[in-house]
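Enquirer: As a plain string of letters, each chain reads:
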Amino acid sequence: AQSVAQPEDQVNVAEGNPLTVKCTYSVSGNPYLFWYVQYPNRGLQFLLKYITGDNLVKGSYGFEAEFNKSQTSFHLKKPSALVSDSALYFCAVRDGRYSSASKIIFGSGTRLSIRP
Amino acid sequence: EPEVTQTPSHQVTQMGQEVILRCVPISNHLYFYWYRQILGQKVEFLVSFYNNEISEKSEIFDDQFSVERPDGSNFTLKIRSTKLEDSAMYFCASSEAILSSSNTEAFFGQGTRLTVV
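If you read the protein sequences in the order shown, they are chains A and B.
Numbers given in my numbering equal positions in the first sequence, counted from 1, plus 83.
Numbers given in my numbering equal positions in the second sequence, counted from 1, plus 609.
These are computed hints drawn from the structure, not numbers from a lab.
Computed from a prediction, not measured in an experiment: that's the story for all the values here.
For glycine and all other residues, C-beta sits at the position ideal for the given N, C-alpha and C.
Among the hints, a few may not be true.
Label-pair restraints from in silico Cβ distances [claimed, not checked]:
| # | chain 1 | residue 1 | chain 2 | residue 2 | range |
| --- | --- | --- | --- | --- | --- |
| 1 | A | S111 | B | T685 | 30 to 38 Å |
| 2 | B | T622 | A | S163 | 43 to 51 Å |
| 3 | A | Y144 | B | Q623 | 20 to 28 Å |
| 4 | A | S86 | B | S682 | 21 to 29 Å |
| 5 | A | G136 | B | S690 | 25 to 33 Å |
| 6 | A | Y122 | B | E705 | 33 to 41 Å |
Simulated coverage check for chain B against chain A, where a stretch passes if three residues somewhere in it have a Cβ under 8 Å from a Cβ of chain A [claimed, not checked]:
| # | region |
| --- | --- |
| 7 | 619 to 632 |
| 8 | 713 to 722 |
All chains should be modelled from the sequences, with the hints used to inform the complete structure.
Expert: Have a look at this one:
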């Protein structure tokens with residue numbers, strides 16, 4: 084069964100410092116991996132995805148994520164954090180093995196807090 | 610930029626009542642989804658819908674739930690007899706193609722917060 088783990092409930096970073104939000108996954112086939120962000124009172128916004136190709140994926144708002152097959156990880160990163168990055172971040176996965184599978188599985192979420 | 614819209618943003622209902630949550634997906638999208646997020650917990654898949662029928666559903670999506678695309682633009686989730694544990698944020702999503710397509714991602718609405726009292 085596919086699953087996603089986000090080991091940190093909260094990450095605190097000072098503005099201007101690099102940030103990392105961790106994600107590990109478990110799927111039987113090739114993973115399709117996603118990051119979504121949820122701002123207060125807003126829906127889930129797509130940030131980036133990995134399907135195939137370059138292990139480093141660049142997305143919205145300066146975020147990037149690195150796919151590491153050996154460690155089954157897909158950590159979200161940003162070189163320099165902004166206070167406006169403070170939000171709830173969800174990693175998600177879909178098992179690429181089944182072409183008819185239509186659902187994605189979300190992690191529990193990590194609350195990112197950027198202090199000025 | 611096109612977006613998925615959901616109404617109402619917050620609904621309070623008494624236990625045992627029926628509720629209908631409404632969603633307008635992005636107009637050229639063909640696949641539709643409902644997810645829910647119980648307060649403090651992860652976002653959970655409920656159901657996916659394509660070509661006027663359910664394509665996949667989770668164990669959460671039991672007989673009290675139903676989905677419908679009544680008029681070609683709205684996509685609704687009906688809960689027949691609400692229970693206290695149905696209280697959650699319900700997210701609608703849509704995608705242009707099936708999520709196995711490499712060029713597709715799901716776009717989510719802002720959610721409807723359902724409170725069952």
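Enquirer: Now, for every hint given, state plainly whether the structure supports it.
Expert: Okay, the hints, checked on the actual structure:
Against the hinted window of 30 to 38 Å, the Cβ-Cβ separation of S111 of chain A and T685 of chain B comes to about 34 Å, which satisfies the hint. The hinted window of 43 to 51 Å between T622 of chain B and S163 of chain A holds, with their beta carbons roughly 45 Å apart. Judged by the Cβ atoms, the range 20 to 28 Å given for Y144 of chain A and Q623 of chain B is violated: they are separated by roughly 41 Å. The supplied range of 21 to 29 Å is broken by S86 of chain A and S682 of chain B, whose beta-carbon atoms lie about 35 Å from each other.
Distance hint for G136 of chain A and S690 of chain B: a CB-CB separation of about 48 Å, inconsistent with the stated range 25 to 33 Å. Distance hint for Y122 of chain A and E705 of chain B: a CB-CB separation of about 24 Å, inconsistent with the stated range 33 to 41 Å. For the region 619 to 632 of chain B, the proposed coverage by chain A is not satisfied: 0 residues have a C-beta within less than 8 Å of a C-beta in that chain, short of the threshold of three. By the rule of at least three residues with a Cβ nearer than 8 Å to a Cβ of chain A, the coverage given for the region 713 to 722 of chain B holds, with 7 such residues.
Consistency note: the structure conflicts with the earlier hints numbered 3, 4, 5, 6, 7.
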